[in-house]
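Chemist: For reference, the chains in residue letters:
2 protein chains.
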Amino acid sequence: MAKPVAQESKIAAGSSQSAAAAPVKRHISDEPITRKNWWKHLNFLNITLILVIPMLGIYAAYFTPIDKKTLIWAVIYYFWTGLGITAGYHRLWAHTSYSATLPLKIFLAAVGGGAVEGSIRWWSRDHRAHHRYTDTDKDPYSVRKGFWYSHLGWMILKQNPKRIGRTDISDLNQDPVVVWQHKNYLLVLTVMGLVFPTLVAGLGWGDWKGGFVYAGILRIFVVQQATFCVNSLAHWLGDQPFDDRNSPRDHVITAFVTLGEGYHNFHHEFPSDYRNAIEWHQYDPTKWCIWIWKQLGLAYDLKQFPANEIEKGRVQQLQKKIDRKRATLDWGIPLEQLPVLEFEDFQKQAAEGRALVLIAGVVHDVSSFINDHPGGKALINSAIGKDATAIFNGGVYDHSNAAHNLLSRFRVAVVRGGCEVEIWKQAAKENKGSVAHVDSNEARIIRAGEQV
Amino acid sequence: MAKPVAQESKIAAGSSQSAAAAPVKRHISDEPITRKNWWKHLNFLNITLILVIPMLGIYAAYFTPIDKKTLIWAVIYYFWTGLGITAGYHRLWAHTSYSATLPLKIFLAAVGGGAVEGSIRWWSRDHRAHHRYTDTDKDPYSVRKGFWYSHLGWMILKQNPKRIGRTDISDLNQDPVVVWQHKNYLLVLTVMGLVFPTLVAGLGWGDWKGGFVYAGILRIFVVQQATFCVNSLAHWLGDQPFDDRNSPRDHVITAFVTLGEGYHNFHHEFPSDYRNAIEWHQYDPTKWCIWIWKQLGLAYDLKQFPANEIEKGRVQQLQKKIDRKRATLDWGIPLEQLPVLEFEDFQKQAAEGRALVLIAGVVHDVSSFINDHPGGKALINSAIGKDATAIFNGGVYDHSNAAHNLLSRFRVAVVRGGCEVEIWKQAAKENKGSVAHVDSNEARIIRAGEQV
Ligand code: HEM
Ligand code: HEM
Ligand SMILES: [Fe+2]
Ligand SMILES: [Fe+2]
Ligand SMILES: [Fe+2]
Ligand SMILES: [Fe+2]
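Just so you know, the sequences run in chain order A and B.
Each residue of the first sequence is one higher than the last, beginning at 1 in the numbering used here.
Each residue of the second sequence is one higher than the last, beginning at 453 in the numbering used here.
Treat the hints loosely; a few may be bogus.
List time: in silico EDC-like cross-link candidates among lysine to aspartate or glutamate, alpha-carbon distance up to 16 angstroms [to be verified]: (1) B:K597 <-> B:D587; (2) B:K838 <-> B:E796; (3) B:K772 <-> A:D323; (4) B:K800 <-> B:D817; (5) A:K321 <-> B:E796; (6) B:K829 <-> A:D171; (7) B:K773 <-> A:D171; (8) B:K777 <-> A:E309.
Rather than coming from a laboratory, the hints here were simulated on the basis of the structure.
Isolated chain A (complex conformation) (with noise of 0.2 angstroms):
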C-alpha cells in the first residue's frame, strides 16, 4: 500500500524480486526498537499518506460544508476506486481469477489506483506472498504479529523486502497495464487519487473544496481502513468452514466492509475462484460486478472451483469438528475394558439384589435409573436378571438412539459367551471387518443404530 517510493523502480521480466543484491548491512527491521531508535523504523511515507493526510482532511471537513451531491459522488466513488482493489488488483491480477479486455483493464488499473494502496504490481507480489506463506514470517501481512500488525504495522514499519517470501510475477510483467501502471505510478496516484474526484465536483457542480477533501482526501482514508480489512478482520473474526489449520475466517461483517472479499476462509482455499462467496444470499458485490462484466463482454473466462471439490473440503472440515467434539464425550467404558461375568453370575447377583440387566451380551447396572425410567419403574424391573436385548429393541418399546447411549453409562460387565459382543470383541482384537470405526484421533466411532 501506498508505497510508491519503496517499490523498486526497474521492471526486468526476469527479476521478480525486489532487492536482488542483499545489502551487507543489517537491516533496521532486524534490530529491536528500542527508546533510540524507534524513529529509523518508521516509514514517514506511508504515514503521512494513510495516517497524517487523512486527519488533515478530518480537519479540514470542520471548514467544509457538505454538499449533497458531492457526498453522493464520494460514495459512488468510494465504490469504483474500492473495485478497483478488489475487481482488479485482487481478483483479476493477483489471482487471475479472470481475464478482462483492454478497457476493463484500464478502467481498473485507474481508479485501483485511486485507491492510494500501491501500484498493481508491487500490491499483488505481495498479495501472493501472502497466500503462499500465509501466517508464516514471510507473509508481509501475517495475522499472526498481531491484529493491528496485520492492518496497518506492516507499512507504518519499515520491512525488510527479502524477508518477504519470493513470488512468481512474471506474468504482471508481461501485461502493459499493469506495466505503465507501476512506472507511472505517482502520477496515477495524483490524478485519480484527488485531482480526478475533485474536476468531478468542481466542473459539474462548483464543489471544488468539498471535492478534494470529501471525494479526494476522506474517501481515500475510507476505501483504505476498508480493504485493510482484509488483512485484518478476515484473519481474525469468523468461522473457519473449509480449513482452520490457518488464520482465514468468513465473516458476513468482513464481507460488509471490502465489497464482498469477507469469505476468506474460502477464499484462501480457492484463491483462483472468481467468488468470494458462493452462496447467492451472502454480501459479493464484487462478484456481482465481475458476472455482469461478463454479461456486457468486458470480462471471460471466470474461474470456478468444482463444487465437488468445494464440497469436498467443507465435510472434511465438519468431520474434523465432529471428531473433537466426540472427543470430549463420555462414550462408557470400552467394552473390551470390562470384566468378564459367567451368565450364571450375572443371573445369581441379581437375584441378590443388584439391578442387573443383560442388553446385547452386555450387564448393565440400572439401579441408579429406574426411579427415572421414562417408560415407568415396573417395565425396567421386569428386566432384571433377564437378557432384555429383545424387550429393549422393540420387543416391548423400540428405545430411542438416546436410550441406547444411555445405557453404555451403566455397563458393569460382559456375559462369557455374549454372543454378538463375544463377535466384536474377536473382530477388535483381529481388526478385521468393518467394526472398528475409528475417527482421526484413532478414537472409536459410535455412530446411531451401532451402539452394543
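With chain A fixed as given, assemble chain B with the ligands onto it according to the hints.
Modeler: For chain B with the ligands alone, coordinates are given in the frame of chain A:
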C-alpha cells in the same frame, strides 16, 4: 381432546386401557369412507367442540364490541390455559418430567381443563401412546396419515380405541387430582372454559358478553389450534438435530405458537427432560415457568438428561448427515482400482508429452489443470516427469487441503514400489492398522491431511 363422552368413565387402578372387552362387530373406523357412510365416521361431539362453537364465536364477535381490558384478559387467560396443557398435562402428567406440590397441581388441572382438550387422564394416555408408537398405526395422531389428520382429523373422525397403543398410566390412576378431574371433567370444562373467564370480565368491568365471546369461546379456539400444532407442525416443519428416523422436528415457529413445545425432535429423544429448548436463547416459556415455580417451592425434582448424552446424540446425527453428504461426492478413483506403472514407464510417458506428475506414489495427469494452476504454469510444468511429493508438500509450496483433494481427481496410475501407496494398499488388503477409516456406509473417509 374434547372427548369427554368418549372417555371410559370407570377408573379402576388396574384397567389402564379403554375398551377392555373387544366388541365382536367391526369398528366403523375399519370401514373405508364412502359416499354412503361418511357421516358415520364423524365424531359430532368433537366437531361441535372444536369447529362449530368457534364458528358461532366468530359470528358472535361481529356483534360484540372489543373491550381493551377483556382483550388483555383473554390473552392472559390464553397463556394460563396454554400452560395448563404444556406445563401441566404434557410435562408434568404425561412425562412426569418434574414433580408439583398439591396447589400447583390443582391450578394446572383447573386451567388445563379450561383449554377444553379432554381430561388429563385421557390426554396423557394418548400422548404416551404417541411417544411409544410414534409414526406407527398405534400412534393416535400419526403425522404419517397427513398433516391435517395429525392436527384435527384424528378427533373429527371416530377412532377405534383398540387401535391406539397400550400405555401404562397406573401412576395417573393413583393421583387424586387426575382422578377427580377426570370424573368431573364436564364440570371443569364448563367452569374453567367458559364460566370463569366470563365472570372475571363481567364482575371485573361489566363486560359479560365480551368475556364470554373473547376470553371464553374464541380464546378456547386459539389455545386448541395452538396446542394441536404440537401434533402437526412439530412433526412436519424444521430440523432433526438428534435423530431423523422419526418425524419429530425442531422449529422456532412451532415454539412460538406452542409456548415452547417447538423443539420436538429434542423432546421425543429426551421426553422426561422438563425442558424442550436447551439453549438459553431459545423460546421455551413453559420451561421458564416450571423453573420459577421451583424457585417458589411449588415444583421440585426437575429432570434433565445429562448434557453428555444430549451431545452424543447430536454428534451421531451430524455424523450421519456428513456420511450421507460424503457419499454424494466424487473422491477420485480408489487407489486399488488404478493400474500399476513401472517408474521407468512413468518417466517415458512423461517424456513423450503426457503431463504426468508423481506425488506420494500416485501418478497424476495434470494436463487439464496446467493453465488453471493458481501457482502458475511454470511451477507445475517443472514437476512433470518427476516425483513431486516433497515440492508439492512444502518444498516449494505447502499446498492447501483443497489442492490435495483436487489432486485425487487427476489420478491415473500407481507406481510400482511407490512407497507410501504400496504400503497403504498392502495394509488395506490385510485390513490392518487405522488406514481404513470407513463411514457407516462402508465408504472410505478421506480426511483433511490424510489424502494420498
Ligand atoms: C435397561 C435399561 C433401560 C434404559 C436405559 C431405558 C431408557 C429409556 C429411555 C431413555 C426412555 C425414553 C424414551 C426413549 O428414549 O426412547 C425409555 C422409554 C421407555 N422404556 Fe425404557 N429403558 C430401559 C429398559 C426398559 C425395559 C426393560 C423396558 C420394557 C420392559 C422399557 C420400556 C420402555 C417403554 C415402554 C418406554 C416408553 C415410555 C413412553 O414413551 O411413554 N425400558 N426407556
Ligand atoms: C501437480 C498438481 C498440482 C496441483 C493440483 C496444484 C494445485 C494448486 C492449487 C489448488 C493452488 C491454490 C492454492 C492452494 O490451494 O494451496 C496451488 C497454488 C500453488 N502451487 Fe500448485 N499444484 C500442483 C503442482 C504444483 C507444483 C509442482 C508446484 C511447484 C513446483 C506448485 C506450486 C504452487 C504454488 C507456489 C502455489 C501458490 C500460488 C499463490 O498462492 O500465489 N504447484 N496449486
Ligand atoms: Fe488473506
Ligand atoms: Fe487473495
Ligand atoms: Fe410428538
Ligand atoms: Fe411429549
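Chemist: State for each hint whether it applies.
Modeler: These are the hints, each one checked on the structure:
{"no.": "1", "hint": "B:K597 <-> B:D587", "verdict": "holds (9 angstroms)"}
{"no.": "2", "hint": "B:K838 <-> B:E796", "verdict": "holds (11 angstroms)"}
{"no.": "3", "hint": "B:K772 <-> A:D323", "verdict": "holds (13 angstroms)"}
{"no.": "4", "hint": "B:K800 <-> B:D817", "verdict": "holds (14 angstroms)"}
{"no.": "5", "hint": "A:K321 <-> B:E796", "verdict": "violated (42 angstroms)"}
{"no.": "6", "hint": "B:K829 <-> A:D171", "verdict": "holds (10 angstroms)"}
{"no.": "7", "hint": "B:K773 <-> A:D171", "verdict": "violated (44 angstroms)"}
{"no.": "8", "hint": "B:K777 <-> A:E309", "verdict": "holds (13 angstroms)"}
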